[in-house]
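Chains as they are written, first to last, in the working numbering: chain A, 50 to 391; chain B, 50 to 391; chain C, 50 to 391; chain D, 50 to 391.
Honestly, the hints are just simulated from the structure, not real lab data.
All C-beta atoms in this analysis are idealised placements derived from N, C-alpha and C, irrespective of residue type, glycine included.
Hints are supplied without guarantee of correctness; some may be wrong.
Said to hold, decoys possible - Derived PhoX-like pairs: lysine-lysine, alpha-carbon spacing no greater than 25 Å straight-line: (1) K60(B) to K110(B); (2) K56(B) to K325(A); (3) K325(C) to K110(A); (4) K205(D) to K325(C).
As the list claims (entries may be wrong) - Chain A stretches covered by chain C per the calculated footprint, using a threshold of three residues with CB under 8 Å from any CB of chain C: (5) 75-84; (6) 109-115; (7) 288-297.
To be verified - Residues on chain B that point at chain C, a partial pick, calculated with CB under 7 Å: (8) G207; (9) A224; (10) Y225; (11) S260.
4 protein chains.
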Amino acid sequence: MIIVMKKNSQKEEILKVSHQLQEAGFHCHLVEGTEKTIIGAVGDKSRLMNIPLEALPCVEKVIPILAPYKLTSREFKPEDTLIRVGNITIGGSELQVIAGPCAVEGKEELLLIAQIVKQAGASILRGGAFKPRTSPYSFQGLGEKGLQYLALAREKTGLPIVTEVIDTASVDLVAYYADIIQIGARNMHNYALLKKAAKTNKPILLKRGLSATIEEWILAAEYIITADNPHIILCERGIRTFETYTRNTLDLSAVPIIKYLTHLPIIVDPSHGTGKWRWVSSMAQAAVAAGADGLMLEVHPCPEKAFSDGAQSLNPDNFQKLMTNLNNLAPYISKKEKLNHA
Amino acid sequence: MIIVMKKNSQKEEILKVSHQLQEAGFHCHLVEGTEKTIIGAVGDKSRLMNIPLEALPCVEKVIPILAPYKLTSREFKPEDTLIRVGNITIGGSELQVIAGPCAVEGKEELLLIAQIVKQAGASILRGGAFKPRTSPYSFQGLGEKGLQYLALAREKTGLPIVTEVIDTASVDLVAYYADIIQIGARNMHNYALLKKAAKTNKPILLKRGLSATIEEWILAAEYIITADNPHIILCERGIRTFETYTRNTLDLSAVPIIKYLTHLPIIVDPSHGTGKWRWVSSMAQAAVAAGADGLMLEVHPCPEKAFSDGAQSLNPDNFQKLMTNLNNLAPYISKKEKLNHA
Amino acid sequence: MIIVMKKNSQKEEILKVSHQLQEAGFHCHLVEGTEKTIIGAVGDKSRLMNIPLEALPCVEKVIPILAPYKLTSREFKPEDTLIRVGNITIGGSELQVIAGPCAVEGKEELLLIAQIVKQAGASILRGGAFKPRTSPYSFQGLGEKGLQYLALAREKTGLPIVTEVIDTASVDLVAYYADIIQIGARNMHNYALLKKAAKTNKPILLKRGLSATIEEWILAAEYIITADNPHIILCERGIRTFETYTRNTLDLSAVPIIKYLTHLPIIVDPSHGTGKWRWVSSMAQAAVAAGADGLMLEVHPCPEKAFSDGAQSLNPDNFQKLMTNLNNLAPYISKKEKLNHA
Amino acid sequence: MIIVMKKNSQKEEILKVSHQLQEAGFHCHLVEGTEKTIIGAVGDKSRLMNIPLEALPCVEKVIPILAPYKLTSREFKPEDTLIRVGNITIGGSELQVIAGPCAVEGKEELLLIAQIVKQAGASILRGGAFKPRTSPYSFQGLGEKGLQYLALAREKTGLPIVTEVIDTASVDLVAYYADIIQIGARNMHNYALLKKAAKTNKPILLKRGLSATIEEWILAAEYIITADNPHIILCERGIRTFETYTRNTLDLSAVPIIKYLTHLPIIVDPSHGTGKWRWVSSMAQAAVAAGADGLMLEVHPCPEKAFSDGAQSLNPDNFQKLMTNLNNLAPYISKKEKLNHA
């Protein structure tokens, strides 16, 4: 931790700050510059305490040196974390594609789309039973019935299923049905939910918050890993910016950065990342070329009739074309083999 | 709802879209422009359905005309909503100041600061017992003990108390103690929590999400009001932007806009809005001059020792000076009288 | 300057970096932490060199300690800079209001509005003769004829005039007519223009760039002051954020921050800051309460017929009402007296 | 254009607005909804006029239907624009890589890096002679001497050169030496510069502004094309967001969107887009997979000694590795063949 003192700070002020740091268990190194004095504070566990020295008028700013996360960091665990679901591995040499409708809308529709995405090469089925919607008047999902349809689709196709949980009260219910539990972007900061979901010991797919920095996102994963669940898949899904042409701005630089800072696998959701089916395939290819471990895609048999997110869902034809392209592309990305089932 | 068709759309395509809208209960008006055709779709309740026509290749975009919220809108209820807590009214002619520490840290500290803020003219006491923290290693609050200390401080000072609830499991506990239940910025999108908190029928102080648009924020309030709780206070607390000098960018234009679009009272939190005590007083004055119904301020007897948010907490002296300024300023803002207790 | 070495950096790597810094004239202080080593580099003028140590794989990051600006900083010159234009002072105890149309549209219209704003208490007249427009198809201003009309309005009313310059070629022309030269938000980064405008030795009104940080904005002022022109007025006019309800997000925290970091006066433009006349008066009051030295307001005799920015222009009635409110408010803001001419 | 009237607007108000539109040459279609009335205004050239109806209290908002740009749009010219420079084509089936140092630092250094990037497969040499720098104390470029060194490097290697122009005064000078004239991000809104550069009739490489929307960027290109220069290459280089881990957020969705909305070629600059050499190669691959026509990369023989942007420059080894990867990848992107010279 570096403490920058204001210009013309008095010696006593500098000593007072050093003293306070020493009391908190830090060793202090003074560096007197030509204009300002800085204090380098070295300490161990105490670094986790957030001493609010900026409250002092003589302190200009406090600059942390160490990352605030630990167990998720690659410095802590250099080798890649692999997530195994059935006979599928996320984070290894195969590219995994999660596909399916935004929301589970009915039994027949789900079984149909599950067959379609499986045949095209998807390895995991997605579908929302509990939907967090900006408006209370929007379709909120089928609830447990949706989970049952997902389980049925798994039975028929062999595809593992991922579905979102939106409150602590339904964590156990969702965990009973799901192979992977999704925490959505709106809930990335919902720490009670992160901890409760972690306890199920199911793999957690953790989406980046709408306006979460990469550091905050990793700290959300740290909540899960400190609750003894290391089975975490991060999912970049676009961040909120001033650009309104797309629903979000897909931040693909998160892919190499997450791989550098952490040992966790990262997948990309270009459906939410763009908000429009027209841009999904290009961004899916780009995500794979950036080194993503997988993709999460919304596919609907008839997008213009979808209950939610129809505008960003691929229809079966476009999904099939994309999968063919990815299959050609994947071998040329370092460490990625062909698609799993293709 | 306006549907803009792509240039050179075929007549059949336009008819197909119109037909689909008519099936959903809309009346359609075609406006053929020199370059593009648009369809004006008029309907009633069906407007709440989100027909994903953008999924059709022939549709360029869909533009909603009506606001997606209803019960919170001033068009629905033209007169101001007043929130009564004890003998205090929020949203009326008096400016209300909520003050206290970020987190309840101990009994003596809380009773001390409660006396201080009361004497300076605050009318409501704040203090967090459950703290949503970005890092799992940060202080997470005293839990129920914190709530008990708050109740004690209320007993000693007569100040009503506002405190945050961070998960559905503790809503009833928080409601048992609190006069006003706070939903924090990170939970503005936590719809399960909004609905559960609404059911307590206590006034809800709803903070704007870190990157929530004004419309999304009003929709979050719509979740509360549709759960039959109209006692909502909105709180602007800064939004996330590219500027890093401040913790957030306080969007004071939200004050007149919320008053224009809704009938709900709005207060401002310049402590989170700036992240630094040094800018809090100026922004507090600005908020009042913009027409805010109140302020929410972090005050700590010794900010440099605070367990959380010390850097943005006012010390008692600066708080006292600010209150004196506000007391002078308030009468010159249209419809605001002097401070409550001053 | 602080250099943070990557974890497990070799001793030779640390020495190599220190050596490179020493060659550049820095004194180096090593602080060995429990996890990482940091190098504190102390130097004088050499600080201005931007040694790209982050290009080295062993360097995690480089953190500057000193602000990159100097002559504009309050540390360099503690007392307020006052700008004198005719018998008016900007940055002193009086609040100054600059008002007028977005663009000069014609002689009669300008003379009319000049009279109106003068009578309401404005002390400086604004009006654009050269307009930087996002679209090549929008009205681009009357050019020199517009400047001549401004000069005529000054003659008739006695109000000094401020007008924008948009390229180096017309700097001398604009300086011939204007009392204050405006550099618009789009040109804040146009360093050639900053330097050329500075050479006129006229006061420069420097608007904040659409997405400029406060530091970048001060550095733009540093371009002017290093070209020997200290007569600079900064103008906050809103920044670009995700919020689309307003044209920009007015960052009023810039007011106290600029006053803290620099010795320059700062005014606020709530017309561009909100983009909508409906919110201008509230934000103007808020700006004054935040401590601004003045306001810049678009006023048009008939906004719905304005050639540009009609939506954000006040009509004469609303401007008059605002001025009355400001006149009541100003005395209660520390160090501000009543409005100049009121 | 759609005009949404406020709820409960009087018939006379609606007629008055319609009348004003008709006077301006529009045909009006009224659509009376259950809550609000909208006016669909159809017109031709008059659409370019910006009638500020939002200035009227009875008007809620005005929604434009047609894009504000024309000559750059794919609707206007469906076939791709190809830019020919020497025997190289940008926008065709070959991927073009522009590489070289951020700034020209000296003759020998430039000739060295020119040879290196050529051998690795780059087809165009980049290098700045005039540098727009945020700080007046940073290295500002070698000026005309830098241009002469670039010309020499072209002579020795046969690579065409691209270099930036930063003010109107040096446009002719830069055009004398350069094969492609670059307009940097900070100058995208500098309309005087756009028009002057256009007049040279050289191809213009137009970078996206730091916080420019895609629409504003296309409008900047419209300034060039309406000045009779259709030889425009757009360059995505990252936008400003709240994320601070990267210098900018590279918005790769701009690639398919620009290709959809316009007929112009688009390249990507992942050096500025990330600000850190470590992420450049991943993002370069992603850009190609998204469909970019080329890349612009900073390469320096010894990045840790670069005068500017060292942190984001690739060293020769990493550049060579990237080029090998791209060469493998390119054939699998639709319509892209192998790299030009490889």
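We went through each hint and held it up to the structure:
As the CA atoms of K60(B) and K110(B) are separated by approximately 17 Å, the hinted pair is consistent with the 25 Å bound. In summary, the hint linking K56(B) to K325(A) is supported, as the alpha carbons are separated by about 18 Å, within the 25 Å threshold. A hinted pair counts as satisfied when its Cα atoms are at most 25 Å apart, and K325(C) with K110(A) does not qualify at roughly 37 Å. With a C-alpha separation of about 57 Å, the suggested pairing of K205(D) with K325(C) is violated against the 25 Å cut-off.
Restraint check on the segment 75-84 of chain A versus chain C: 6 residues with Cβ-Cβ distances below 8 Å, three needed, restraint holds. By the rule of at least three residues with a Cβ nearer than 8 Å to a Cβ of chain C, the coverage given for the segment 109-115 of chain A holds, with 3 such residues. Counting residues of the segment 288-297 of chain A whose beta carbon lies closer than 8 Å to any beta carbon of chain C gives 4, which reaches the threshold of three, so the coverage claim holds. Look at G207(B): its Cβ only gets to about 29 Å from chain C, farther than 7 Å, so that hint breaks.
Taking 7 Å as the C-beta contact cut-off toward chain C, the hint placing A224(B) at the interface is violated, the least distance being around 32 Å. About 37 Å separates the beta-carbon of Y225(B) from the nearest beta-carbon of chain C, more than 7 Å, and the hint is not met. Below 7 Å, beta-carbon pairs count as interface contacts, and S260(B) has one with chain C at about 6 Å; its hint therefore holds.
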